Amino acid sequence: MNRYLISLTPIDRFFFGGDMTFTVNEKETEFTSYIIKSNKFPQQTSLLGMLRFLLLSNDDTAFNKADQKINCQKTAEELIGERSFNPKCNYSFGKIEKLYPCFLQKKCGSNWNNIQIAPADYGMNVNFENAKPALINGQSIEIPEMNYDAKEYVEPVYICAGNCEIKESKIFQEDIRNGINRDITTGLVQENALFKQVFYRLKKGYRFAFEADIKELNITAYSGQLVQLGADSSMFIIGIEEQKAINDNTEKQEAINGNKVVLSSPAFIKKEDLKSVRFAITKTIPFKCIQTNVQETKSYNRNKEEDHSDKYNLYDIGSVFYFKSNEDCEKFGKNLEKEKEFRKIGYNHYKVINE
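Residues 20 to 374 (the numbering used here) are what the sequence shown spells out, left to right.
FYI, nobody ran anything at the bench for these hints, they're computed from the structure. Values in this document were obtained by computation on a predicted structure and should not be read as measured data.
Simulated pairs of lysine to any residue, SDA-like, Cα-Cα distance not exceeding 20 Å:
#, residue 1, residue 2
1, K294, P163
2, K107, K307
3, K302, V145
4, K307, E358
5, K126, Y225
6, K353, N278
7, K290, S159
8, K350, G277
9, K307, M69
10, K84, E97
Simulated restraints on C-beta separations:
#, residue 1, residue 2, range
11, Y53, E184, 29 to 37 Å
12, N109, E261, 23 to 31 Å
13, S111, E261, 18 to 26 Å
14, I54, K357, 36 to 44 Å
15, N77, N146, 53 to 61 Å
16, Y172, Q135, 19 to 27 Å
A virtual CB, placed ideally from N, CA and C, is assigned to each residue, including glycine.
Build out the structure end to end from the sequences listed, making use of the hints.
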């Protein structure tokens, strides 16, 4: 099995969708808005879907590009698995063994350096020595001292090699478009149809990247192709570099010696697993994914709710969790790793810090 570094360079603006929609759903009005903004990063499920289609579309035995249909279901299943990601089921994705979290890269001369969003407590100087007790939702917690003002906006920053700080506005540029929502069947303009859609562009010298473990298949020949990722036909140039051969039994585990956990990807965390947390600085994001299989001719049907998974609230990348002991920290990390379905596609990754 080989590990590949896969880069994605947008050729224009892009839109990574979430749960927000233009159209008011009679059953669910929580996620409707006049202004819809793209996420800055793609979901790991989107990366998986893009990679599955890349493998499928480059195999003439399995897929007919002209008709955009699968020729041989058995070959397709061997190549990309029978079904898409489901948080409740341990599905195989064929030759795709594992995905790792998406991150950004910055071009420095002829090299590309990895950059990561700074932890949520970056620059806050969190101190528990003079922590004050508080009661929130019936639970007693400690509020540490920290130089944080809720009324003051602090622009998110990214950390590059050598602890170099890059403000988010230096990486992402908004591209705002106005539009009118129409009925998908009749084409008629709907009531309250005006909307504003916020796309993003990456500024020059930046690109997305992630790693993937692929077995029994060399995919470097697909480098340089155009791939679609996200909504509104967002297009990217894919780059693929082979990293190293790996062994399933020797893969390095997450470090667990410390008293603070920083999420290096969004993560699904059960409520009971949060009981040992001393204090946390977090942000949550809604998550659900489309359910498909290789027998279907369409990727989705927007009128059928059963084509989607249940909704989840994931803790966003950069969220920070503090613990009183190394033992509590270690147990928390192990619980993150127990969510094997999420871990398999690049969620629930973390770093442990000893302070």
